[in-house]
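Student: If you're matching them up, the sequences are chains P and G in order.
Under the working numbering, the first residue of the first sequence is numbered 1, with each subsequent residue one higher.
Under the working numbering, the first residue of the second sequence is numbered 1, with each subsequent residue one higher.
Among the hints, erroneous ones may be present.
A pair holds if it fits inside one copy or across any two, identical chains being indistinguishable in the list.
To be verified - Straight-line C-alpha distance at most 20 Å; calculated DMTMM-like pairs for lysine to aspartate or glutamate:
#1 31 - 69
#2 15 - 113
#3 15 - 34
#4 31 - 181
#5 51 - 32
#6 15 - 189
#7 15 - 32
#8 78 - 191
#9 31 - 113
#10 15 - 153
#11 78 - 60
#12 31 - 57
#13 78 - 113
#14 51 - 176
#15 31 - 145
#16 31 - 153
#17 51 - 18
#18 78 - 57
Think of the hints as simulated: they come from the structure by calculation, not from any bench.
Values in this document were obtained by computation on a predicted structure and should not be read as measured data.
Protein chains: 2
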Amino acid sequence: MPRTAVHTRQESLEKALELFWRQGFGATSLKDLEGALDMRPGSIYATFGSKENLFREALDRYAERAMAELERVMAAEKSPLGGLVAYVRLLGGVRDQTCQACMLVKSLLEFGEREQAARPRVEALLARMERRFSERLAEARSVGEISADLDPERLGRRLQVDVIGLRTYAQRDVDDRAIRELVEDIAREWERLRQ
Amino acid sequence: MPRTAVHTRQESLEKALELFWRQGFGATSLKDLEGALDMRPGSIYATFGSKENLFREALDRYAERAMAELERVMAAEKSPLGGLVAYVRLLGGVRDQTCQACMLVKSLLEFGEREQAARPRVEALLARMERRFSERLAEARSVGEISADLDPERLGRRLQVDVIGLRTYAQRDVDDRAIRELVEDIAREWERLRQ
DNA sequence: CTCATTCTTGAGCGATCATTCAAGTTGATT
DNA sequence: AATCAACTTGAATGATCGCTCAAGAATGAG
Chain P
1 MPRTAVHTRQ
11 ESLEKALELF
21 WRQGFGATSL
31 KDLEGALDMR
41 PGSIYATFGS
51 KENLFREALD
61 RYAERAMAEL
71 ERVMAAEKSP
81 LGGLVAYVRL
91 LGGVRDQTCQ
101 ACMLVKSLLE
111 FGEREQAARP
121 RVEALLARME
131 RRFSERLAEA
141 RSVGEISADL
151 DPERLGRRLQ
161 VDVIGLRTYA
171 QRDVDDRAIR
181 ELVEDIAREW
191 ERLRQ
Chain G
1 MPRTAVHTRQ
11 ESLEKALELF
21 WRQGFGATSL
31 KDLEGALDMR
41 PGSIYATFGS
51 KENLFREALD
61 RYAERAMAEL
71 ERVMAAEKSP
81 LGGLVAYVRL
91 LGGVRDQTCQ
101 ACMLVKSLLE
111 FGEREQAARP
121 RVEALLARME
131 RRFSERLAEA
141 RSVGEISADL
151 DPERLGRRLQ
161 VDVIGLRTYA
171 QRDVDDRAIR
181 ELVEDIAREW
191 ERLRQ
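Work the whole structure out from these sequences, hints included.
Tutor: Written as structure tokens, this is what we have:
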């Protein structure tokens, strides 16, 4: 009996995610969203409630995809350490994405003040990613790939710093060769942990 | 014969820098600046021309200070590599600054689109910092501190990735011990290049 | 067809944005 | 005291911000 919806929630979210990722929350106006989603303000608000809520949903979707990709890459490698190295190498191919830098990191820096609404979510999603790194590094240690002296938590943090640094650096206007070399250097450093 | 100015350009710039660093360009309104500089719009525009120009001057000032600190730390160490390691260790004390993350990096991510006005300047300032790293690493190589096989340019990039990653990570709501351990781990990695 | 339900529209809301400028204030010089 | 240049003020500008809501359009059921 209802009028058929012309857009699915998922598709709209995808388009919003792309915009927010590229431009950030503050720099993306409702007019931008109207254009990208091909929806009028009334529809957007009926569907998503507010710009901020739409952003939060986009963030969650982004993080979900990022985690899924990490799991996919890790699952393809038997070695826990090898899986993480493969993930690092994959970041070299980031150049043809919507944006080189991680959306979580962009949001973290945009919402510097802690009282900002989306900030806790950003924190939680970054923490989850780091935790996954640490878990995998703990596995690597327990199967003897890396020294028992190493602390998986410290290594997980260290890996997140590398990922953040690499992807943020890739946002600079440098040529692809530089990025490829960088990825290779970082990947080799992690390989070197193998004992 | 003129009326005595109540604010010096330098002091105003300092206050603006602090605001822009913490909040970013877009999230800092003229009302914010009016409050922080204790100046009315007319004065601000008479002095700095536009919000964007004020931001650009603040950026330059930030970069100048950052470069000066790098030079200071490096000058205090005889060893070129040691100077860079000392700089990395110093980043651990970043926690009591205006903002943990580098203002250049925050700006790089905020002005993702290349057509943004301040973007080329951000690129140039980041490139200058990296170049300085590479120069110092070239010295380290020429005095035999690190292997002749290593490429100072690649290492300079690698160091900038570490610095970007570390300072951006420090923006997260993690405890100081985590940051201290991270700085130590990164510093030790660079020490390990010493042959 | 009529109706009820769901979705979409877009004009318009008050607030805030960066910016301008005519008028006011100040202080040294005459 | 009068003058004038330098500096500051703050009301006002048009644009744009996120958002609302009454009205319109489209569908399936009766």
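Student: For which of the previously enumerated hints does the structure constitute a violation, in increasing order of number?
Tutor: 1, 4, 6, 10, 11, 13, 14, 15, 16 and 18
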